[in-house]
Amino acid sequence: MNPGFPLLSLLTFLPLVGAAIILSVRGEEKVVAQNARWTALWTSIIVFLLSLALWFGFDKSSAEFQFTEEVDWLPDFGIGYHMGVDGISVLFVLLSTALTPLCILASWESIGTRVREYMISFLVLETMMVGMFCALDLVLFYVFFEGVLIPMFLIIGVWGGPRRVYAAMKFFLYTLAGSVLMLLAILWLWYNAGTTDIPELFAYEVPRAVQGLLFFAFLASFAVKVPMWPVHTWLPDAHVEAPTAGSVILAGVLLKMGAYGFLRFSVPLLPFASAEYAPLIFALSVVAVVYTSLVALAQQDMKKLIAYSSVAHMGIVTLGIFTFTPQGLSGAIFTMLAHGVVSGALFLCVGVVYDRVHSREIARYGGVAKVMPGYAVLFMLFTMASIGLPGTANFVGEFLVIIAAWKVNPWVAAGGASGMILGACYMLYLYRRVVFGKLEKPDLKVLADLSAREYVVFAPLVVLTIWMGIYPSSFLSFFEASVAALLARHEAALNVAKLAGM
Amino acid sequence: MNWTLALPEILLAVSGLVILLACVIPKQDTSYGGSMAVIGSLLGAAVLVMMQDEGTAFSGQYIADPFGRFMKLLCLAGAAATLLLAIDFNEREKLARFEFPLLALFATTGMMVMISANDLMAVYIGLELLSLPLYVIAAFNRDSGRSAEAGLKYFVLGALASGLLLYGTTLVYGFAGSTNFDKLAEAFGPGQSVSAGVVVGLVFVIAGMAFKASAVPFHMWTPDVYEGAPTPVTAFFAAAPKVAAIALLVRVLTGPFADLSDQWQQVLLLISAASMLLGSFAAIGQRNIKRLMAYSSIGHVGYALMGLAVDTDVGVRGVLVYMAIYLVMNIGTFAVLVSMRRQGKSVELIDDLAGLGKTHPGTAMWMAVFMFSMAGVPPLAGFFGKLYVFLAAMQAGYLWLALIGVGTSVIGGYYYLRIIKVMYFDSTEQPLDAATPGVGLVMAGSGLFNVLFILWPAPLIGAAQLAVAALVG
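Heads up: the sequence lines are chains G and H, in that order. Taken in order, the first sequence gives residues 1 to 502; the numbers are from the numbering used here. Taken in order, the second sequence gives residues 1 to 473; the numbers are from the numbering used here.
One should not assume that every hint holds.
Listed next, the stretches of chain H that the computed footprint assigns to chain G, with coverage defined by at least 3 CB atoms under 8 Å from CB atoms of chain G [to be verified]: (1) 74–82; (2) 354–367; (3) 397–410; (4) 450–464.
It should be emphasised that the hints constitute simulated quantities derived from the structure, not laboratory data. In this text, all values refer to a predicted model and were calculated from it rather than measured experimentally. Yeah, the Cβ is synthetic: ideal placement off N, Cα and C, and Gly gets one too.
If we strip away everything but chain H, and leave its shape as in the complex, we get:
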């Protein structure tokens, strides 16, 4: 058995247990050390991912390929960056407990399992390993009613989604006789007739995964959970798990179900269009910036899924590029949100950003970069993300989808501009506190990525190309 292929996941799981023990035993606060150890093991896992061979392991349950590598590196980077943001915030909000980084670590392990899954059973295990820690950290601020509500809501709806996924899996297994991706691909291959049961199962599977990606119509939990959870937790939610969920959708739909594209394509087209529309319209009226980011993330998932929905290589490559850029924009934006506090107390209304351009020009400048980038204004990175998915949609002949895409990006432009307007055009009596150096570093890093992406787009595009080649083969 070729278990060494799964070394990154094994490393994460084992180091999780070790860190848990090491943090439980001492009497004093171990949250800082815990966080650092977790970030360390995430980086270690990233190194292992890069050194990983290709192949399958655990009787075909696990697969390591360039696609997985690309997505796993995104997830690990996203998780590590958001943990970095959390350290300082949690200390100030008296939330500094070592369980937070540890739960994030286990969730990340779940994402990696999900991305590398080559079997519907492995998908389910990965998804649950991801979900259970997320339910807990959503309610991490246990003294806050809103945080507890967020956790409970997420749990109830998440359990439903898991149920849907599991039900879909059993249907597929019942009608196709296997859960292994390679065998399923054979069973649904060209010339094979497909029973209605499989199609129903497939739709359930898509629904379960769309929930994790918070795509319309399975997005209902997103605004409440994003608003209720502590800001670093929201940052974590918006970054890595979303990438993992999209990765899973891509892997499942272009892998075992590739030949059923007639069946799933309409579903995906609808999900993509509806997500873009809802994401842009519903965000207009928001006053809470975390809620706004929730709708914005729904919209972004819509754009990313546009690439998958058109079912071409170029489209899938667009998805990968989009998610990579989305991740960086998002981390940068949340770095700004985490740093939003007045006299030591964290605030989260859009109006609280008033006058930021005057009081903290650096933070405001980066936030403006992220907002323009999310709105898709060139020359920033966000524009290129959109460019590749729109290109795919046009190429595949889905002009209407591209039209919805550009239309909603103009509407989206309005609410991103509103944030810039508040920062630069309005003035304030009570300035926000300055961002701490660590948070500032994350801001500057992702800001520079957004600004400079235009100079060297080739490496990212090339990596995405390689990943897609492995997937579509």
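Only chain G is shown next, with the shape it has when bound in the complex:
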């Protein structure tokens, strides 16, 4: 791609063009719905194909921001429209653009009402997600970070399950309450550093005295988004009530925004506070891993079980980030990507049987393998991946994180590793109850196996899960340089202070 071509802006705002087209379609409801589906699908596929340019054009050896774009926005305030990706963010952009068409395809039949508005919400959501990972300006970042709430609120609230209103409100208010504290931190940085440009801010040394406060302000926002124990309670509600595709995006991309925030802001901007409060994060992460895994064991609802497992996996991620070792950070990023693919796929698996039986209750199922062999195989693969079986995506990331944690503190590593064991318990328990056992319920006996459309949705996820498990370096190589640079900067900042202290 020739320099100067605004690829990232195109990726960010092209979905809005699709949304505008859908908005302008008039006519009979059925025709409009069909039009909306196809327009949304094509838009998101085109965006995905364009985003492949990032995959091929990204210079893996460099830790610099690439594909950058800069336009004056509010020059008097030092705020600019600045976009760019580095090794940390580039794969998340791809994850977002890859999951969106799958989600649209997955909602093809299950969303029957207000299809037009649904597709518009999804495309707007894609804009916000991609924009957030590309933003290199704090204010711009915040705009996208918060903007995600609007479409997601509507997706949960309009197309969700019976308790959708409660879930949507809780989701919105929880996240908003966390974010506004981050806003104050951003404002502080803004007027003290005189800029909101992220690469410029990396050069600004935040005084030690305020690092703690800023760290907690950022933590308030990111911890809710990740979500970390004990502010995770919105997640099970939101996941259970959201429509399948909403859950996929929520687990696949939205949860990564918090951890991405830690990597982008907390660690590089606030090295002291990050180092100082790392034990706190470890403690919260280990509690999250062990506690939510135990809670997952007791769930009666499939989606809720997977939602709690997400919290546990994200605990591994935050654990990895705050080890400040190359393995830990790489492992954390890799786990985020793997979890995005695998938990997305698991929610789709739940969606498949939900579309047929309209129940998420585990006890409602049993013996599905006899009538849906293809489904059983896929579900098995993703269950194993979620457990972290070697050769699947999750294994690599979690393994790296636990190695890194061992270096820092064996107890922390033991806590993290217990998550993998408990994970095996609840996932296998879920799988056994749903897929195996006697096929007794009459309505289950007539279930149809996966349709061609559903195979198309799962195929890329299967490929990714195995590819990431067997040949992880094609993904790891993207962020190795950036992680190394991030850690080098982090250590340099700590060393300078040590020397000054002597």
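Mind docking chain H on chain G? Use the hints.
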């Protein structure tokens, strides 16, 4: 005497009298023509405001400057837009009388005088010229008990506030020896000792103006008047007079009393914090959407005053930007409220909006935009309004005020979301009627402003910057 400076006000006053005569004489209904003529003269005044020179006139009573221009344009735009909303509503509710636009016109003249006042006497004249027509139009639906009650309540409390302002003015005059802003600024300048009498007078003046802006603790009239008055009247109340009152507060406090900031700053901090808190908490339990908007407007005044309370240039600029954005959000929201009716009868409960997302997707979409914007969710305009005042508060070191601000905006988020919830998540048996094209146009216009503000924030911010530079000099 340089009377040409005051041409916009003169134009409004003269055209008001002419329209009055022209409407009284014919036997048939002249309300539509009257409205159009009034809107025309408001736009004419806006053009004159833009062409206005800078300077003072009428022996220093009147001042024309970029600050005044900014605020006057906001007021004129607000007044014209709300009159546009009123035409159709009044016709349906059998309230179509030419007196309504005319009274609004005179009130607008009062606002302009207030904004351009450079003397406490001129402030008082402007304020009264604004208030008296408002008392009448609050009770405009004379057959409705609630409307009459609204008018009476507003009148009694308003008269009290005017009295407070006048009393404060006399105290200031008595102790400082002048009512002219320039002379007062000299008298209170650095190195001059200030007597307690002036401080008492200043507090009375602030109280009188806070009443018009409906800031806590002078907000008591707001919910009742907003609920009782006909909806277009409420729209008018919530838009232009509020901008004018805030403008006056800014002008008075950063002008003649700038050096007394030690005295007034605490008062303003308290008013701002209390308004935000009350505005967000009291709105939670409301069922009537006009009442809810009343509390919401109290909250918004709190945010705007945050910028003034921290007493910095950045803060005052934040106030101007906030008021501009508030005005547009508010007009848009009231356009939706005006269009709320079922089988020709207007309704005003939040639950009446149920299912709007399905029955009228366009109206619901704009209303959702306004609600998200008022809640301060990016990327909509309301977020930027809050951003600038919070920035000012942080910069001036008022972390606690900023914390109250963000805390109340989350609480506020709850009740704005509730409206969206009712529109999109609930369903209804009896859909509302469709909005008329004129109202739809106002909705779409202010909706687009809210959505697209993020693309071109610079012009508005630049204009506000210019206005502040003139004020602080």
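Tell me if chain G covers the stretch 74–82 of chain H under the three-residue, 8 Å CB rule, please? violated (count 0)
Between the stretch 354–367 of chain H and chain G, are there enough contacts, at least three residues with CB-CB distance under 8 Å, for the coverage claim to hold? holds (count 3)
Taking 8 Å as the Cβ threshold, is the statement that the stretch 450–464 of chain H is covered by chain G upheld or broken by the three-residue rule? holds (count 5)
Are there at least three residues in the stretch 397–410 of chain H whose beta carbon sits under 8 Å from a beta carbon of chain G? Holds: 7 residues of the stretch 397–410 of chain H have a Cβ under 8 Å from chain G.
Of the numbered hints listed earlier, the single one contradicted by the structure is hint 1.
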